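Participant: One letter stands for each residue in the lines below.
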Amino acid sequence: MHQIVARDQLSPNVTRLVVEAPRIAEVRRPGQFVIVRLGEGAERIPLTIADADSAAGTISLIIQGIGASTLDLVGLQPGDAIRDVAGPLGRPTDLIDHGHAVCVGGGVGTAVVYPIAQELHRRGVAVTSIIGGRSREWVILEDELRTAGEVIVCTDDGSYGRHGFVTEALKDLCEAGGIDEIFAVGPVPMMRAVAELTRPYRIRTTVSLNAIMVDGTGMCGGCRVSVDGDTRYACVDGPEFDGHQVDFRVLADRLTTYREFEQQSLARREACLIPGLAQHAEADQGQGAAAASAVGEGVAR
Amino acid sequence: MTEERPKLTPKERMAIDRVAMPEQDPAVRAVNFREVNLGLTQQIAMLEAERCLQCPKPYCIDGCPVSVNIPRFLKLLREGDLPGAADSLLDDNALPCVTGRVCPQETQCEGVCLRAKKGTSVAIGHLERFVADWAMAHPAELIHVRPQPTGRTVAIVGSGPAGLTAAGELVKRGHDVTIFEAFHAAGGVLVYGIPEFRLPKDIVQAEVDRLVADGVKIVPNSIIGKTYTLPELRERFDAIFLAVGAGLPVFMNVPGENLKGVYSANEYLTRVNLMGAWNPDSETPILHGQRVAVVGGGNVAMDSVRTAKRLGAHEAVIVYRRGHDELPARAEEVHHAEQEGIRFDFLVAPVEVLGDDTGWVRALRCVRMELGEPDASGRARPAPVPGSEFEIPCEMVVVAIGTRSNPLLTSTAPDLKVSEYGYIETDETGMTSMDGVFAGGDIVRGAATVILAMGDGKRSAAAMDRWLATGSAAEIEAEAPVPEATTAKV
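The listed protein sequences correspond, in order, to chains D and E.
Residues in the first sequence are numbered consecutively from 40, following the working numbering.
Residues in the second sequence are numbered consecutively from 556, following the working numbering.
The hints are simulated quantities; they were obtained by calculation from the structure and are not laboratory data.
There's no promise every hint is true.
[Claimed, not checked] List time: in silico EDC-like cross-link candidates among lysine to aspartate or glutamate, alpha-carbon distance up to 20 angstroms: (1) E/Lys-772 with D/Asp-111; (2) E/Lys-630 with E/Glu-590; (3) E/Lys-756 with E/Glu-634; (4) E/Lys-562 with E/Glu-634; (5) E/Lys-864 with E/Asp-880; (6) E/Lys-756 with D/Glu-79.
[As the list claims (entries may be wrong)] Computed, partial: chain D to chain E, Cβ under 7 angstroms: (7) Arg-76; (8) Gly-78; (9) Ser-108; (10) Val-253; (11) Phe-287; (12) Val-289; (13) Asp-292.
Here the structure is a predicted model, which means the values were calculated and not measured.
Ideal Cβ placement from N, Cα and C applies to all residues, glycine included.
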């Protein structure tokens, strides 16, 4: 059993859980994820390790409560426990160690770029983070990312920071030049837009793919994605790939596989939901999340 | 316990007909996940055991990959000495409830049974299941000796049939055994792969519980190569047994394979079995195709197609590129599938998965095959018939054409020698290129059966025991030759 030692609400539907997992905290590296299973009979859910404290033996998981299983997870309180936490899984991020990196985070994807920005900063790389949300309350991890470098916040409604999409802020940086690598994580339409934006500039652009998976060790093949025409497994070959080679259409399409099941599962829960939470799950339209909110548990990362 | 029974003459034994396993009615079971075979009564089992001729040179023992002394336990069984039969069986086989249900007996013990030469073999598999189930229900009546601890520690990587068998053998010899399992539950293919209707999960759990009661420790959620590396484990344990299986699914490599509705058998069966999607209340999503095409002819293909039928498919079809006689699945599974209304499209090979405009599968495009000369496996080589393409309309395709090695562990152990296909290389004792690290099961031999993996586990455990005691894994005396894997069924 893995105790929850802290919990905080980062946005109306994004929650941070600090979970006891000493071995994973010790060996994890940026870009890796865990698979958690809340209890007997629960689903296996892949979640990026957003942060770790090896001294305290804890990892941070940042979870968007959108499906029945993720809503169960974000409902946990300190003192509760998660039955199974397996990892660290996936290949660690292939990091540069000098120059200028831009980390682009859309919605809960910000939780995936955060550990990358942190490690890049530690290595002496100049980091600019561009993070976005529908409005101010949907922006997460701004303060944390400021410890790693400059942060540009974008909101769809202009309620905070720059008015507009993260891609618009990124375009300005690309025009200014001097970027060695871009890490972009967020809903599929956002990652696709970033990859298309950076392609003409020939800037290496790494994306993290939130494919649906079961085991996370290469066994099921459910997370297969198309990269440069080849079928790759997000769990063991990724989750990070060259954004200029990813077939985002295949990814987006496969993410809708269990849409119907998810909707039924959510409907079954509606009676027990905290009032308002379900609406939030539906309402997170910001920064291209509309497509992501329907994708089932695969989007949890 | 032993009651006086009249001794039968050979002629009388020969006159007894082979028992038929009682089973759920095909129409009823095709829509439920309860076990198909219902098991024998003690009276019937004892009568069937009377059919054994107690051959002076029993071929059946050599036919068994774990060398179960079959005549011995059958003799005790027919004498009514159930505790004796159970002790005898458990002494040879760590997982008899499993093997009594899933072994391809017809190519092993029963295939070489003398009685098969004139009629039908003794129903050894059914009798093994009967005795094993009796043992599970009567633990207090079994001999239980706690061995003297040796103080040596052994790590086993993987809790499938090879790992569990090795664990049982090593703990019996007094070693301190810890199994590392990547999933949240122990059992490997026995829990994620083989469906409930063929091998109930509480049976597997009971076998695991028996090992735990004997002192075996199981650490779930531990992926060796990720959570710990093999060199790290080697520092912590006196010896290691690698039994990680051949877990990566092989796909067909045809266009359309990434469409929604195409599953690997691994994913389909794991969702249904380990993750419990067979239960409609499960949180784990699963697709319910009305028409499901399963590609392949092995046990995994039979498990997948029968699962699809149980999940409501009106048409569940096996698409196999050879003919009925070449099906590598257990005869009983093919028979059960036929009874349950599974359609078999023989001499057919997929060339493309066709999708609709929303990215879902709508059909499997296939080509007809004809059989030519035998290939390296001894089976006739199929070749496509030009111009014979046709479509099988379906909403789901399950690919069950085999598995290959997973590099997750080997890629983080540079000293571990692997073949060009990623399988771990071992010497004749089962030791790898790393001192004190042994390996067995599918990660050494390639995808095979539960019982062949168990045979590896048993032999490797014996070699590890020798190695721990003497520093040499080599056998002192020659033992029976290792059964070949060439007739292995996937």
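Participant: Answer holds if the nearest beta-carbon of chain E is closer than 7 angstroms to that of D/Gly-78; otherwise answer violated.
Facilitator: 10 angstroms, violated
Participant: Assess, step by step, whether the Cα of E/Lys-772 is no farther than 20 angstroms from the Cα of D/Asp-111, and give holds or violated.
Facilitator: Not satisfied, since the Cα-Cα distance of roughly 30 angstroms exceeds 20 angstroms.
Participant: Verify the proposed pairing of E/Lys-756 with D/Glu-79, using a straight-line Cα cut of 20 angstroms.
Facilitator: 14 angstroms, holds
Participant: How about D/Ser-108: closest beta carbon in chain E under 7 angstroms, or not?
Facilitator: 6 angstroms, holds
Participant: Assess, step by step, whether the Cα of E/Lys-562 is no farther than 20 angstroms from the Cα of E/Glu-634, and give holds or violated.
Facilitator: Holds. E/Lys-562 to E/Glu-634 sits at ~10 angstroms (cutoff 20 angstroms).
Participant: Holds or violated: E/Lys-630 and E/Glu-590, Cα atoms, limit 20 angstroms.
Facilitator: Not OK: E/Lys-630 and E/Glu-590 at ~28 angstroms, beyond 20 angstroms, violated.
Participant: Taking 7 angstroms as the limit, does the beta-carbon of D/Val-289 come near enough to a beta-carbon in chain E?
Facilitator: 5 angstroms, holds
Participant: Let me know if the C-beta of D/Arg-76 comes in closer than 7 angstroms to any C-beta of chain E, holds or violated.
Facilitator: 5 angstroms, holds
Participant: Against the 20 angstroms threshold, does the CA-CA distance of E/Lys-756 and E/Glu-634 hold or violate the hint?
Facilitator: 31 angstroms, violated
Participant: Can the restraint linking E/Lys-864 and E/Asp-880 be considered satisfied, given a maximum Cα separation of 20 angstroms?
Facilitator: 23 angstroms, violated
Participant: Does D/Val-253 pass the interface check with chain E, least Cβ-Cβ distance below 7 angstroms?
Facilitator: At about 5 angstroms, which falls below the 7 angstroms cut-off, the nearest Cβ of chain E leaves the hint on D/Val-253 intact, so it holds.
Participant: Does D/Asp-292 meet its interface restraint, that is, does its C-beta lie within less than 7 angstroms of any C-beta in chain E?
Facilitator: 4 angstroms, holds
Figure legend: structure checked against the earlier numbered hints; hints not met, in rising order: 1, 2, 3, 5, 8, 11.
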